[in-house]
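Peer 1: Please model the entire structure based on the sequences and the hints provided.
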Amino acid sequence: MTALGLEKKEKTYRGDVLLIIAVVLLAVIGTVFIYSASNYSALVTYNDAFYFVKKQIIGIMIGVVAMGLTMYFPYAKLKKFNLPVAIISVVTLVLVFIPGIGVENYGAKRWIGVGSFTLQPSEIAKFSLILFSATYVSNHPDRPKTFMGILPILAFGLLICILIILEPNMSITVCVAMLMLTMCFASGVKIKHLACLIIPAFAIGVILILIEPYRLSRLGAFLNPWSNPKGEGYQLLQSLYALGSGGFFGVGLFNSRQKYAFLPFAESDFILSVIGEEIGFVGLFFFFALLGFIIFRGIKIASRAKDVFGYMLAIGITMIFGIQTVVNALVVTGSIPPTGLPLPLVSSGNTSIIIFMAEMGVLFNISKRGSLTF
3 MTALGLEKKE KTYRGDVLLI IAVVLLAVIG TVFIYSASNY SALVTYNDAF
53 YFVKKQIIGI MIGVVAMGLT MYFPYAKLKK FNLPVAIISV VTLVLVFIPG
103 IGVENYGAKR WIGVGSFTLQ PSEIAKFSLI LFSATYVSNH PDRPKTFMGI
153 LPILAFGLLI CILIILEPNM SITVCVAMLM LTMCFASGVK IKHLACLIIP
203 AFAIGVILIL IEPYRLSRLG AFLNPWSNPK GEGYQLLQSL YALGSGGFFG
253 VGLFNSRQKY AFLPFAESDF ILSVIGEEIG FVGLFFFFAL LGFIIFRGIK
303 IASRAKDVFG YMLAIGITMI FGIQTVVNAL VVTGSIPPTG LPLPLVSSGN
353 TSIIIFMAEM GVLFNISKRG SLTF
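When you read off a place in the sequence shown, starting at 1, and then add 2, the result is the number in the numbering used here.
Among these hints, one or two may not hold up.
Said to hold, decoys possible - No more than 30 Å apart at the CA atoms, straight line, and that leaves these computed lysine-lysine pairs for DSSO-like:
id	residue 1	residue 2
1	K308	K111
2	K57	K111
3	K302	K194
4	K79	K370
5	K57	K147
6	K308	K79
7	K302	K192
8	K111	K56
9	K81	K302
10	K147	K82
11	K232	K79
12	K111	K232
13	K81	K308
14	K81	K192
15	K194	K147
16	K370	K308
17	K82	K308
18	K194	K308
19	K308	K192
20	K79	K147
21	K302	K232
22	K370	K82
23	K79	K302
24	K192	K82
25	K147	K308
26	K147	K192
27	K82	K232
Hints were generated in silico from the structure; no laboratory data involved. These numbers come from a predicted model, not from an experiment.
Peer 2: As structure tokens, then:
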């Protein structure tokens with residue numbers, strides 16, 4: 003084989019190792035801050051300062067195994083699992099409403115559980131929408147050019163949205179809706195057709211806020227958190243206190259004050275507030291640079307995928323990671339109304355980290371068989 007042939011093979015099959023390094027690094031950083039954010043509350047509640055850390059490490063270990071499998075399992079064969087994954091996602095979303103199986107927490111049924119084992123079906127549903135869209139578009143690349151051609155993607159996406167909003171879970175519903183629109187855009191849908199989707203979606207979002215009193219309260223807290231500082235505005239104010247206390251260089255690792263029962267969900271949805279408090283603006287700059295690097299590598303992998311299926315998979319995985327990252331950041335900074343949404347690969351939550359790490363393995367797999375160069 004010629005030197006040129008060896009060079010070509012190396013570029014084509016080496017894969018995006020930098021992506022995997024960044025993913026593992028982010029998960030490790032997340033675990034450190036989960037300990038910092040949760041050690042006090044975990045000690046008080048469970049008599050174990052490492053309670054949430056232990057759970058996260060288990061999730062990461064399973065996630066690494068899942069990522070290792072998807073890194074080397076030919077991604078083209080995922081098409082065969084399209085229908086089973088879609089069925090599993092819908093069935094598990096329905097199971098949350100069945101007494102004895104669905105687990106209720108803070109007035110919402112978002113998990114299914116058997117004993118100490120719990121699973122959040124919405125995390126599976128997000129990937130099932132990506133896989134369904136990628137399979138459909140790769141099998142029928144010309145159909146998305148017409149409005150009727152994208153109806154299957156819309157139908158499946160709306161079904162998932164309806165089941166998730168019934169839990170209720172507004173934040174994940176919004177993410178799934180945005181993912182659905184992104185997949186339609188990536189498939190080549192015409193702008194006028196996309197506009198016909200975005201306008202009704204926005205109107206539905208407004209209606210969903212208006213019909214639920216607690217969502218209206220959250221909107222009011224967003225507009226003026228001081229109107230109810232001990233009620234709906236409490237969490238946002240504590241988040242802003244944390245970020246403001248961090249200043250440019252932070253109060254130091256493990257030195258957060260807001261984690262002492264002031265900031266609810268400090269280890270999960272609002273972990274970014276604790277991170278900002280401890281490492282400050284400068285630290286957050288590098289932290290977001292790492293998050294942005296993963297998104298950048300995902301977009302690059304998508305742009306150089308060898309086929310439509312790989313392209314759509316890469317776009318979907320990268321965009322759901324990016325969407326959740328941006329929404330979470332906007333929430334903790336008070337830029338949009340408060341809503342519960344984990345920061346990918348960082349927040350506490352086993353189902354989320356396992357699914358995301360498995361998806362990152364798929365991204366690596368696509369880069370390994372594409373034309374990604376370094």
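Peer 1: Taking the hints in turn, state whether each one holds.
Peer 2: Each hint, compared with the structure:
1. K308 with K111: violated (41 Å)
2. K57 with K111: holds (21 Å)
3. K302 with K194: holds (27 Å)
4. K79 with K370: holds (15 Å)
5. K57 with K147: It is violated: about 45 Å lies between the C-alpha atoms, which goes past 30 Å.
6. K308 with K79: The given pair, whose Cα atoms are some 15 Å apart, holds under the 30 Å limit.
7. K302 with K192: holds (23 Å)
8. K111 with K56: holds (24 Å)
9. K81 with K302: Cα-Cα ~22 Å, so holds.
10. K147 with K82: Roughly 25 Å between the alpha carbons, so the hint for K147 and K82 holds.
11. K232 with K79: Status violated; Cα separation ~52 Å.
12. K111 with K232: The hint holds at about 25 Å.
13. K81 with K308: holds (15 Å)
14. K81 with K192: holds (25 Å)
15. K194 with K147: OK: K194 and K147 at ~11 Å, within 30 Å.
16. K370 with K308: holds (10 Å)
17. K82 with K308: Holds, because 19 Å separates the two Cα atoms, which is no more than 30 Å.
18. K194 with K308: The given pair, whose Cα atoms are some 28 Å apart, holds under the 30 Å limit.
19. K308 with K192: This hinted pair holds, its Cα atoms lying about 23 Å apart.
20. K79 with K147: holds (26 Å)
21. K302 with K232: Status violated; Cα separation ~45 Å.
22. K370 with K82: holds (20 Å)
23. K79 with K302: holds (22 Å)
24. K192 with K82: Since the Cα atoms of K192 and K82 sit roughly 29 Å apart, the hinted pair holds (cutoff 30 Å).
25. K147 with K308: holds (21 Å)
26. K147 with K192: holds (6 Å)
27. K82 with K232: Status violated; Cα separation ~51 Å.
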